[in-house]
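*Asks:* Sequence:
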Amino acid sequence: QVQLVESGGGLAQAGGSLRLSCAASRTILSPNAMGWYRQVLGKQRELVADIYSYGTTTYADSVKGRFTVSRDNAKNTVNLQMNSLKPKDTAVYYCHVREIGARNFDYWGQGTQVTVSS
1 QVQLVESGGG LAQAGGSLRL SCAASRTILS PNAMGWYRQV LGKQRELVAD
51 IYSYGTTTYA DSVKGRFTVS RDNAKNTVNL QMNSLKPKDT AVYYCHVREI
101 GARNFDYWGQ GTQVTVSS
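The sequence shown begins at 1 in this note's numbering and counts up by one.
It is possible that part of the hints are untrue.
Stated by the list, open to error - What follows is a set of in silico ranges between Cβ atoms, one per label pair, in the way DEER data are often shown:
| id | residue 1 | residue 2 | range |
| --- | --- | --- | --- |
| 1 | PHE105 | ASP72 | 16 to 22 Å |
| 2 | SER118 | ARG19 | 18 to 24 Å |
| 3 | LEU41 | ASP61 | 36 to 42 Å |
| 4 | ALA102 | GLY10 | 36 to 42 Å |
| 5 | GLY42 | SER70 | 26 to 32 Å |
| 6 | GLY55 | GLY101 | 14 to 20 Å |
| 7 | VAL40 | ALA102 | 30 to 36 Å |
| 8 | ARG66 | GLN1 | 32 to 38 Å |
| 9 | ALA102 | SER17 | 17 to 23 Å |
| 10 | GLN113 | GLY15 | 17 to 23 Å |
| 11 | ALA102 | GLN81 | 18 to 24 Å |
| 12 | ASP72 | SER117 | 16 to 22 Å |
| 13 | SER118 | SER25 | 35 to 41 Å |
As the list claims (entries may be wrong) - With a cut-off of at most 27 Å between alpha-carbon atoms, the simulated BS3-like pairs for lysine-lysine come out as follows:
| id | residue 1 | residue 2 |
| --- | --- | --- |
| 14 | LYS86 | LYS64 |
| 15 | LYS75 | LYS64 |
| 16 | LYS43 | LYS64 |
Hints were generated in silico from the structure; no laboratory data involved.
All C-beta atoms, glycine included, are put in the ideal place defined by N, C-alpha and C.
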């Protein structure tokens, strides 16, 4: 099992920045992906960005050029730097980890609210 603890959510104005951090309770087995999803009430959870243990990153089109995902393997953390925030970025953001293998194991954080005011 992996426990994921998120921090850094909150309120920002449009055009502002926030940084989310997520710490895993143990070393994540490789290969793996660490990243962030978000969900608005009544809508499906969607991928925001993730980064694989071998370095590949994936971003939702809506955040490309504004958000940056990074990881620190020594600290078992994944971060999301969010710049040029827009009101449509308002959502609950969830940290996600996938240990990749013959059977994948997925772990989720408890979620952190990000609210962007216009």
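*Asks:* Now tell me, hint by hint, if it's right for this structure.
*Replies:* Taking the hints in turn, this is what the structure says about them:
no., hint, in the structure
1, PHE105 x ASP72: 16 to 22 Å, "21 Å, holds"
2, SER118 x ARG19: 18 to 24 Å, "21 Å, holds"
3, LEU41 x ASP61: 36 to 42 Å, "22 Å, violated"
4, ALA102 x GLY10: 36 to 42 Å, "40 Å, holds"
5, GLY42 x SER70: 26 to 32 Å, "31 Å, holds"
6, GLY55 x GLY101: 14 to 20 Å, "19 Å, holds"
7, VAL40 x ALA102: 30 to 36 Å, "34 Å, holds"
8, ARG66 x GLN1: 32 to 38 Å, "33 Å, holds"
9, ALA102 x SER17: 17 to 23 Å, "40 Å, violated"
10, GLN113 x GLY15: 17 to 23 Å, "19 Å, holds"
11, ALA102 x GLN81: 18 to 24 Å, "34 Å, violated"
12, ASP72 x SER117: 16 to 22 Å, "31 Å, violated"
13, SER118 x SER25: 35 to 41 Å, "37 Å, holds"
14, LYS86 x LYS64, "13 Å, holds"
15, LYS75 x LYS64, "26 Å, holds"
16, LYS43 x LYS64, "21 Å, holds"
Hint compliance for this structure: hints 3, 9, 11, 12 are broken, all remaining hints hold.
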